[in-house]
Structure formats: C-alpha cells, structure tokens
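Protein chains: 2
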Amino acid sequence: MTREVVLAARPVGEPAESDFELREATVAAPAEGEVVVRNVFVSVDPYMRGRMSGVRTYVDPFEVGAPIDGGAVGRVVESRHDRFAEGDWVTSQLGWCEQGVVDGDRLRKLDPELAPPSTALGVLGMPGLTAWVGLVDIGRVEPGETIYVSGAAGAVGSTAAQIAKLKKLRVIGSAGSPEKVEWLRSLGIEAFDYRGTRAKDALSDGIDVYFDNVGGEQLEAALGALRPFGRVIACGAISRYNDERAEPGPRNFGFIVTKRLRVQGFIVSDHGDRFRDFVTEVGPWVRDGQISYRETIVDGLENTPSAFAGLFRGDNTGKMLVRVGADSLS
Amino acid sequence: MTREVVLAARPVGEPAESDFELREATVAAPAEGEVVVRNVFVSVDPYMRGRMSGVRTYVDPFEVGAPIDGGAVGRVVESRHDRFAEGDWVTSQLGWCEQGVVDGDRLRKLDPELAPPSTALGVLGMPGLTAWVGLVDIGRVEPGETIYVSGAAGAVGSTAAQIAKLKKLRVIGSAGSPEKVEWLRSLGIEAFDYRGTRAKDALSDGIDVYFDNVGGEQLEAALGALRPFGRVIACGAISRYNDERAEPGPRNFGFIVTKRLRVQGFIVSDHGDRFRDFVTEVGPWVRDGQISYRETIVDGLENTPSAFAGLFRGDNTGKMLVRVGADSLS
Chain A
2 MTREVVLAAR PVGEPAESDF ELREATVAAP AEGEVVVRNV FVSVDPYMRG
52 RMSGVRTYVD PFEVGAPIDG GAVGRVVESR HDRFAEGDWV TSQLGWCEQG
102 VVDGDRLRKL DPELAPPSTA LGVLGMPGLT AWVGLVDIGR VEPGETIYVS
152 GAAGAVGSTA AQIAKLKKLR VIGSAGSPEK VEWLRSLGIE AFDYRGTRAK
202 DALSDGIDVY FDNVGGEQLE AALGALRPFG RVIACGAISR YNDERAEPGP
252 RNFGFIVTKR LRVQGFIVSD HGDRFRDFVT EVGPWVRDGQ ISYRETIVDG
302 LENTPSAFAG LFRGDNTGKM LVRVGADSLS
Chain B
2 MTREVVLAAR PVGEPAESDF ELREATVAAP AEGEVVVRNV FVSVDPYMRG
52 RMSGVRTYVD PFEVGAPIDG GAVGRVVESR HDRFAEGDWV TSQLGWCEQG
102 VVDGDRLRKL DPELAPPSTA LGVLGMPGLT AWVGLVDIGR VEPGETIYVS
152 GAAGAVGSTA AQIAKLKKLR VIGSAGSPEK VEWLRSLGIE AFDYRGTRAK
202 DALSDGIDVY FDNVGGEQLE AALGALRPFG RVIACGAISR YNDERAEPGP
252 RNFGFIVTKR LRVQGFIVSD HGDRFRDFVT EVGPWVRDGQ ISYRETIVDG
302 LENTPSAFAG LFRGDNTGKM LVRVGADSLS
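So the sequences go chain by chain: A and B. In this text, residue positions in the first sequence follow my numbering: the first is 2, and each later residue adds one. In this text, residue positions in the second sequence follow my numbering: the first is 2, and each later residue adds one.
Be aware that a few hints might be false.
[Stated by the list, open to error] Only part of the chain B face toward chain A is listed, based on derived beta-carbon distances under 10 angstroms:
| # | residue |
| --- | --- |
| 1 | G34 |
| 2 | E221 |
| 3 | P229 |
| 4 | V233 |
| 5 | N243 |
| 6 | E245 |
| 7 | E248 |
| 8 | P249 |
| 9 | G250 |
| 10 | R252 |
| 11 | Q265 |
These aren't lab readings, by the way, just hints derived from the structure by calculation. Since the model is a prediction, treat every value here as computed from it, not as a measurement. Glycine included, every Cβ here is placed at the ideal spot set by N, Cα and C.
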C-alpha cells in the first residue's frame with residue numbers, strides 16, 4: 002500500500018487544502034523493465050498551478066480525481082530493469098505519493114557522492130536548468146551587462162542570479178522578506194525587498210536583461226528600466242498564477258518597439274537536450290560552493306498541498322520540497 | 002522665400018490644425034558641399050506623432066516653434082556638391098517645407114527611370130525597408146507559415162503583406178474599410194475589415210507570425226491566435242499613438258511564456274545597412290508589378306497637418322504623401 006495526493010477540485014484563486022485529498026492506493030507489481038521507487042522527496046513547483054486549472058497549455062492538465070505527477074527523488078526498492086538495483090537513488094516524475102512503479106527508461110540514476118540527491122529537484126534539476134537555459138540560450142547574457150532577477154530567492158531565481166554573477170554580470174535581485182534579501186546580499190547580489198522598495202526605484206540605473214519569474218508590477222518596472230536592445234527572459238509569472246481573471250498586461254508595452262526590446266518566453270521541457278551542457282558547467286560550481294542553494298523542506302506527504310500553496314505566499318527560500326520518507330532504505 | 006510648417010503646440014490626443022503653423026522663411030545661400038532642394042512630395046508618417054509629444058525615445062522630439070523634419074522628395078535647384086546637378090531628383094530629410102538647403106552628403110539621388118520618385122518615401126523607402134527588415138531580420142519568416150499583418154492597407158502593412166505572399170506565406174491582413182479590404186483581396190491577401198469582424202474570429206485557424214502595426218486589441222487577438230514558438234514583429238502601435246495615458250497592455254501577456262513566443266521590437270533607422278539588400282530583392286518586384294503600391298496624395302503644404310492627422314483616422318490607402326510642388330523644374 003501507498004498514500005498519494007489527488008486533485009479533489011480545481012482551485013479557485015489561491016489553492017486550498019480542500020482542493021486536494023490524501024488517499025491510500027495499492028502499488029502494482031512491477032512488469033519487466035519497471036522499477037518500484039519509494040519517494041524521499043517530492044517537488045512542489047509553481048508551474049503545477051496551471052495544470053490544476055484544466056486549461057491545456059504546454060502540458061496536459063491534471064484531472065480531478067487523479068494523482069498529481071511531478072518531480073520526485075527516491076530509492077529503488079525493487080527493480081526489473083537491468084540499469085537499476087535496490088537502493089539506487091533515482092529521480093522520477095512519480096509526483097505526490099509515497100511509492101510507485103515506473104518504467105526504468107524514464108528514470109535517471111543519481112550519485113549521492115556527487116551531490117545530495119535532493120538537488121536533482123532544485124539547483125541541479127529542472128529549476129537549475131531553467132535558470133541556465135534562460136540566461137544562456139534565451140537571454141544570451143554577456144559579461145558586463147546588468148541583469149534584474151525577480152523572485153531571486155526562489156529555486157530558479159537564486160540559481161539564475163548566481164550563474165549571472167559567475168558570468169560577470171552585475172546582478173540586481175528582488176525578494177519578499179528581509180531574511181531572503183540578507184541571504185542574497187551574502188551571495189553578492191544587489192538585493193531589495195519588493196514589499197518595501199519599488200522596483201522602479203531599485204532599477205533606476207537601468208538594466209540590460211530582465212529574468213522574469215514574477216510578472217505584474219515587476220515586469221512593468223523592468224520594461225521601464227530596460228536599455229535599448231534589452232531582453233526579457235520570460236520564464237514565469239508567479240504573481241499571476243492564482244488570478245481568476247486575466248489582468249491587464251504592462252501599460253508600457255510600447256517600449257518593446259521604441260527600445261527595440263526582445264521578450265522571449267520559454268519552457269524548460271523544450272530544452273532537455275541542454276541538460277548535459279548545463280550539468281557540465283553548473284555541476285562544478287555547486288560542488289565547489291561557488292553556487293549556494295537553500296531548500297525549504299516540509300515534512301509529510303499530507304502537507305504537500307500546503308507546501309504547494311506556500312509557494313505563492315513566498316514561504317520558501319530556495320527550493321520547496323516535501324520529505325515523504327526516510328533517506329535510508331531499512 | 003519658402004514656406005514651412007512648424008509645431009505650434011504639442012498635440013493633446015488627436016493632432017489638431019491649431020497644433021501647427023504655416024510660416025514663411027528664407028532659404029540661405031548654399032555653402033560649399035550644400036544643395037538647394039525644392040520639395041515635390043513631403044512625407045507624413047505615424048512615428049512623427051511620438052516626436053511631437055516631447056518625450057525622448059529613439060529620436061529627438063520636435064521642438065515647439067521649430068520646423069518639422071522628415072522624409073521628402075524633390076529636385077535640386079542649385080548645387081555646390083559635385084555629385085548633384087540642377088534637376089536631379091533626390092530624397093532628403095527636409096521635412097514639411099517647400100524648399101531648403103541640405104548637406105549633399107545626406108542626400109540620396111533617385112533615378113526616375115527606375116521608379117517614380119515618390120516611391121522613395123513609400124514602397125522603396127523607409128516604409129518598404131521597415132516591412133522587409135521586419136519580415137526577414139526580425140520575424141525570420143519561413144515559407145508555409147501563416148502571418149497576420151494589421152494595418153495591412155497602410156504603407157508598411159501593404160508592403161509587408163505582399164512580400165510575405167511572395168515568400169510563400171499564407172497572409173491574413175486587416176484594414177478599416179471595405180475599399181481597402183477589396184484592394185488587399187485583389188492582391189491575394191485574406192483580408193478582413195476589423196470594424197466589422199473581430200480579429201479573434203478572423204484568426205481562428207491560428208497564426209505563426211504577427212506583424213504588428215496597430216497594437217491594442219489586434220495585438221491581444223494575435224497573442225491569442227499565435228501557435229507555439231510564434232513571433233511578434235513589433236513594428237508600431239498606431240491605435241495607441243494619440244493616447245494621453247498609457248493604456249493597459251494585452252491581458253494575455255502570459256501566453257508569451259506558455260506558448261514560448263518571441264516578441265521583438267525594432268526601429269528601421271537601426272537597419273540602414275540593409276537598404277541595399279532590400280532594394281536588390283524588392284526593387285525588381287516593384288518594377289515588374291509583383292508588388293503593387295498605392296499612394297494617397299494630398300495637395301498643398303498647408304494641408305500637411307490634416308494629412309498627418311488623417312493617418313490616425315485611416316484616411317490613407319497605402320502611403321500618405323503631400324504634394325508641395327510641381328514635378329517639373331520650370
């Protein structure tokens with residue numbers, strides 16, 4: 002038996018506990034080529050909010066009554082795949098459950114000697130790849146440029162800000178608490194608290210690139226601050242994901258023409274072929290401590306929905322994870 | 002003596018006759034290297050509205066009390082430059098006046114045997130280059146794609162729509178009268194009248210590229226219709242130039258992320274180095290009649306302000322010009 006979280010109702014506005022249901026489920030016996038994995042960490046990510054709304058975008062919506070798939074890290078408890086053995090650390094898309102059966106070809110094995118396995122969901126996983134692809138392939142940042150990263154204390158933002166710093170950019174970052182700002186400053190980021198300081202004022206020197214994780218007012222301030230030929234790396238808009246009605250876009254959209262801006266959206270899942278290059282560059286930085294990362298870990302599968310809702314209140318510093326099982330197998 | 006139009010006041014909203022003043026002026030004797038030009042056509046262009054507002058964007062604002070410079074075509078009446086002789090057709094930035102003195106190095110000579118001189122202000126001039134650079138360098142359009150061109154009966158739009166057609170795209174265009182729609186249809190463009198048909202409905206098949214001359218509702222409809230990895234060639238926003246307050250941007254800005262769109266602004270004056278390539282490709286199409294062009298010609302310098310204001314009411318089909326003098330020299 003296992004436990005899993007299913008979508009009970011499509012959230013209206015902020016996700017509520019009642020939109021989810023914890024239930025017991027059986028774990029099927031693995032067929033040839035399949036592996037049984039016991040999750041240690043499951044990931045909650047802002048993009049999952051869109052999937053809960055039932056609108057098809059770049060990824061199929063979650064169905065009401067069905068389990069919620071997503072990134073997870075765990076250990077193999079039974080293997081019928083020749084690349085995996087009991088005890089292996091793996092990352093999967095098993096989602097919000099304690100245990101499940103996975104096609105071994107869709108698993109990636111982790112080496113816990115190289116990096117803590119949880120990093121496969123954060124700085125060395127999807128959020129890290131998002132940050133790197135955004136900067137390198139979408140923004141094509143150059144040394145000496147000034148970049149503004151909103152949501153800079155989040156999983157994507159904190160990685161983007163530090164990679165940009167290592168690539169010799171001047172980095173300005175926003176976050177939503179004094180503690181987050183302090184952490185960012187300790188990393189050499191010119192951080193400000195957007196709850197007390199207007200982005201417009203913080204960006205008055207001008208910027209060349211904006212890494213947008215937030216949308217809304219921050220986006221409008223960034224369009225105002227961008228220099229001619231600036232770029233917007235349109236990664237996400239967490240300030241908007243709980244909106245029930247589409248709110249108006251930036252009033253200064255016209256700057257895109259007059260300042261010859263390039264605004265480019267991207268979705269990390271289109272860039273899986275860049276994973277190896279990403280790990281080659283960023284892996285050593287993480288290993289050597291040139292990139293720091295933080296994790297906000299909530300305990301217990303039953304707390305996954307509230308951890309998820311917390312993303313939109315900024316409860317997390319760095320990557321938000323839910324621990325659903327022990328590290329050790331026994 | 003000559004006559005010139007000066008800016009009498011910064012327009013508030015729609016430009017009014019009282020914002021301009023016609024006055025007499027003297028023409029200085031040309032210094033060495035200078036040329037005296039008598040204008041035949043002066044150009045009125047939507048981008049000039051921004052210069053009247055006194056806000057510095059990519060080009061200096063017009064000053065109250067000062068003449069209005071801009072594109073013009075005329076004939077040399079006196080030359081102290083060795084490349085020009087009396088009678089030559091030239092294009093200059095002399096602007097809204099009947100006659101003026103110009104540095105010969107800033108003049109381009111026209112060959113009236115190759116194309117009517119007025120085309121140097123339209124299909125073979127700045128608006129034509131805008132259309133071509135937008136499609137080729139900014140939108141990077143490909144055969145078989147579907148493009149939507151708003152303002153498709155204007156100087157830029159009608160050229161863009163026809164170039165796109167010649168490059169084997171499916172072309173949908175919008176315009177603001179039955180006559181304009183009929184003209185576009187005669188050119189093989191799938192045209193609709195945006196005053197009677199909602200762009201959203203006309204674009205329900207989906208599009209790959211949007212050539213935006215208009216902004217506002219058309220932009221919002223296009224963002225909705227764009228397919229994944231679509232592009233917006235952000236050329237202008239004539240529906241917005243008379244706004245006194247910045248209106249909200251498109252409500253569906255979020256599609257830029259979810260559909261991985263690229264929205265890129267450009268200003269033709271950054272692309273002067275492409276003029277030769279543009280003429281090489283587009284010149285023969287115009288000469289052979291594969292690209293049609295229309296001109297809306299208003300007579301008399303004193304009618305320049307109302308011709309200009311007419312751009313925002315859609316008075317023009319194709320390029321709006323003001324004839325300020327005879328073709329012949331005598």
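Against the structure, the hints come out as follows:
1. The restraint placing G34/B at the interface with chain A is violated, with a minimum CB-CB distance near 32 angstroms, outside the 10 angstroms limit.
2. Interface restraint check: E221/B against chain A, minimum CB-CB distance 8 angstroms, threshold 10 angstroms, status holds.
3. Given hint, P229/B at the interface with chain A, holds; its Cβ is 7 angstroms from that chain's nearest Cβ, closer than 10 angstroms.
4. Satisfaction of the interface hint for V233/B is found here, the shortest Cβ-Cβ separation to chain A being roughly 8 angstroms, below the 10 angstroms cut-off.
5. Interface hint status for N243/B: violated, as the beta-carbon distance to the closest one in chain A is roughly 13 angstroms, over 10 angstroms.
6. Annotation: E245/B was flagged as interfacial toward chain A, and the flag is violated, the nearest CB pair being 13 angstroms apart, outside 10 angstroms.
7. The beta carbon of E248/B is positioned within 10 angstroms of a beta carbon in chain A (closest approach about 7 angstroms), and the interface hint is therefore held.
8. The interface hint given for P249/B holds, since its Cβ lies 3 angstroms from the closest Cβ of chain A, which is under the 10 angstroms cut-off.
9. Proximity of G250/B to chain A holds as hinted, the smallest CB-CB distance being about 3 angstroms (cut-off 10 angstroms).
10. The beta carbon of R252/B is positioned within 10 angstroms of a beta carbon in chain A (closest approach about 4 angstroms), and the interface hint is therefore held.
11. Checking Q265/B against chain A by beta carbon gives a least distance of about 5 angstroms; that is within 10 angstroms, so the hint holds.
Checked against the numbered hints above, the structure breaks hints 1, 5 and 6 and satisfies the rest.
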